[in-house]
Amino acid sequence: MQPRRQPPPAPRPRGNCPGAPLLALLLLLVLRGAAAAPAGPQDPRRPQDAGLSRGLLQQAARAALHFLNFRAGSPSALRALAAVQEGRASVNPKEGCKVDLVFSTERYNSEEGEEHLGNCSARVFFKTQKPRPAINVTCTRLLGKRKRQQEDYLLYKQMKQLKTPVDVVSIPDSHGHIDPSLKPIWDLAFLGSSYVMWEKTTQFLHYYLAQLTSVKQWKTDDDEIDFDYTVLLHEFSTQEIIPCRIHLVWYPGKPLKVKYHCQELQTPEEASGTEEG
Amino acid sequence: MRWILFFGALIGTSICGREKFFGDQVFRINARNGDEISKLSQLVNSDNFKLNVWQSPSTFGRPVDVLVPSVSLQLVKSFLASQGLNYSVTIEDLQIYREMDSIAADFPDLASRVRIGHSFENRPLYVLKFSTREGERRPAIWLNAGIHSREWISQATAIWTARKIVSDYQKYPAITSILERMDIFLLPVANPDGYVYSQTKNRFWRKTRSLNPGSPCIGTDANRNWNASFAGKGASDNPCSEVYHGPHPNSEVEVKSVVDFIQKHGNFKCFIDLHSYSQLLLYPYGYTVKKAPDADELDVVAKRAAKALASLSGTEYQVGPTATTIYPASGSSPDWAYDNGIKYAFTFELRDTGHYGFLLPASQIIPTAEETWLGLRTIMEHVRDHLY
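Just so you know, the protein sequences line up as chains A and B, in that order. Throughout the first sequence, residue numbering follows UniProt numbering, covering 1 to 277 in sequence. Throughout the second sequence, residue numbering follows UniProt numbering, covering 1 to 388 in sequence.
For the record, the hints were derived by calculation from the structure and aren't laboratory data. C-beta: ideal position from N, C-alpha, C; glycine also. Where hints are given, some of them may not hold.
[Claimed, not checked] Simulated pairs of lysine-lysine, BS3-like, Cα-Cα distance not exceeding 27 angstroms:
(1) A/K127 to B/K233
(2) A/K160 to A/K183
(3) B/K233 to A/K98
(4) B/K129 to A/K216
(5) A/K257 to A/K145
(6) A/K163 to A/K216
(7) B/K129 to B/K201
(8) A/K163 to A/K219
(9) A/K160 to A/K94
(10) B/K129 to B/K256
(11) B/K233 to A/K94
(12) B/K343 to B/K129
(13) A/K147 to A/K98
(14) A/K147 to A/K254
(15) B/K171 to A/K183
(16) B/K171 to B/K129
(17) A/K216 to B/K77
(18) B/K343 to B/K233
[What the hints assert, rightly or not] Label-pair ranges, simulated between beta-carbon atoms:
(19) B/Y388 to A/S90: 43 to 49 angstroms
(20) B/E370 to A/R123: 39 to 45 angstroms
(21) A/R123 to B/D260: 23 to 29 angstroms
(22) B/E136 to A/P93: 44 to 50 angstroms
(23) A/D222 to B/H248: 24 to 30 angstroms
(24) B/N122 to A/T220: 47 to 53 angstroms
(25) B/H118 to A/T164: 44 to 50 angstroms
(26) B/A231 to A/K130: 30 to 36 angstroms
(27) B/A231 to A/L265: 32 to 38 angstroms
(28) B/S78 to A/K130: 25 to 31 angstroms
[As the list claims (entries may be wrong)] Reference listing, derived: stretches of chain A covered by chain B, where coverage requires no fewer than 3 residues with Cβ under 8 angstroms from a Cβ of chain B:
(29) 119-133
(30) 241-248
I would like the entire structure built from these sequences, with the hints used as guidance.
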């Protein structure tokens with residue numbers, strides 16, 4: 001796998017959107033609520049505020065992408081974040097933080113030299129009450145619908161032909177290696193994990209999929225792929241590694257069904273969820 | 001013989017195209033009778049395992065030391081277990097230390113391996129000192145790596161950089177002129193206990209391996225343990241947390257050894273800490289969002305370094321103060337260095353941005369090290385030209 005082309009540094013939110021000083025004030029209010037914000041007066045023009053708001057936009061982009069990937073339910077159409085273009089946030093201390101933003105994406109499995117960028121606009125609502133962010137997102141197509149269906153079906157056939165990989169341990173291995181024959185499993189695991197990461201992303205915490213650690217079940221005798229597995233999620237900024245058990249059912253073109261249960265090591269509550277896309 | 005062919009076939013495929021992985025171990029195997037000696041001899045003589053014998057099997061009663069490459073570890077262990085052969089693991093992960101020794105031996109006028117202390121589990125803390133002038137306490141640069149053990153690209157980049165420094169000296173003007181004015185100290189494995197643990201037990205281990213009295217959880221985040229707003233934001237007082245700051249500043253012997261060395265030396269001008277992942281080049285502060293007095297200059301240098309780094313393969317780094325560019329973190333090494341008069345204090349978060357994360361493929365080690373070198377060199381050049 002080639003190292004991915006990296007996004008340019010995210011630009012600051014547009015200065016000429018109406019009420020820019022008000023925006024800065026609202027952002028400050030958001031961050032005052034966060035553990036990270038120091039007490040005391042802040043000059044809206046100081047660089048660190050731009051940094052803090054850039055961080056919030058990136059959080060929103062990540063959440064939107066996880067949701068987008070889950071909703072698309074397509075392991076061949078997975079997207080990764082390219083760059084945040086612009087955005088603004090408003091906060092209601094009781095309800096939460098709403099972010100409107102525009103960002104660009106690229107294919108998660110981009111080939112060498114491939115430079116397809118999709119554009120997305122999203123509204124992300126980090127709610128104070130209910131845990132998961134509410135998301136509205138639309139994107140330009142990266143892959144034609146026909147091509148996507150073909151690739152999904154190809155992956156599906158590859159999966160059906162795999163011998164039950166229940167003895168599979170650690171994908172990728174410690175040195176980042178994924179056996180090419182097992183790549184479809186990784187893509188499907190990532191798709192299911194997207195649902196989990198969507199639900200868990202807040203304005204302060206975000207996640208990456210670190211590793212697929214075991215396959216409990218891989219059933220392909222019915223039409224659908226029935227996949228029961230565990231992954232490790234890497235949580236920023238706590239740096240915790242969180243094991244999650246995920247059970248998904250997938251068939252090309254059909255909505256993805258996911259159930260999961262994560263071990264919350266630090267806090268007493270455990271997080272789990274279930275959803276049909 | 002069938003068993004040897006079976007195991008051999010399995011290992012053979014994994015060894016082909018083997019790259020330089022760390023994590024080789026030395027197995028001390030005890031053969032108790034003639035039959036075991038003969039099995040052992042066959043194992044050792046078989047080409048497929050690529051085992052390196054340090055002490056040959058001759059008579060029983062004398063243990064045999066065998067160097068097992070990391071890729072063969074599991075299979076050799078299974079084999080020994082299946083044959084009922086007794087063994088223990090003697091030296092763990094000697095590859096980086098051997099390479100450091102080899103560099104010092106190959107370039108004795110430039111490089112020397114210095115022991116600055118030991119880890120909690122009593123492993124040596126080795127630093128490579130690069131100096132073109134004996135006896136002087138010249139202005140110096142400290143390169144720190146591997147403080148978070150799971151960030152393997154950090155230790156790998158550091159040891160590659162060590163080779164690069166000695167190879168390029170007197171061949172290329174930049175590093176030559178840097179070394180004519182300053183010394184460089186490189187600590188490739190700042191947390192050796194954690195590193196060994198990440199290779200043998202838990203790939204995602206981050207902290208040290210020190211015991212926490214009264215808690216079942218082990219280890220302190222060595223990069224929250226420095227005396228810079230210790231126990232402030234971005235650290236935890238829970239020993240089970242990955243960012244546990246420890247009972248008090250410098251409680252970790254790995255941290256204290258570096259602090260003592262740097263303070264005793266007294267003439268460090270630059271401190272660079274290598275981590276992964278996120279592709280960021282950061283400068284103080286992590287413990288506050290207040291702007292550091294030298295932030296403007298550090299920002300210029302960091303941007304220049306990021307540009308140099310990107311010039312090789314297009315890898316893009318974001319630049320900024322730690323607290324706002326990544327997250328607040330108190331008790332970190334560059335903040336301590338900065339508050340102790342070491343102006344040019346930076347953190348590199350190396351590749352990638354989350355696709356592989358800590359599990360960066362080995363094929364990306366050299367490209368990462370090569371591009372990072374351009375960034376490091378840019379910073380060192382600036383320090384050379386702005387000594388204070």
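Checking against the hints above, which ones are violated? 4, 7, 9, 13, 15, 21, 22, 23, 27, 28, 29, 30
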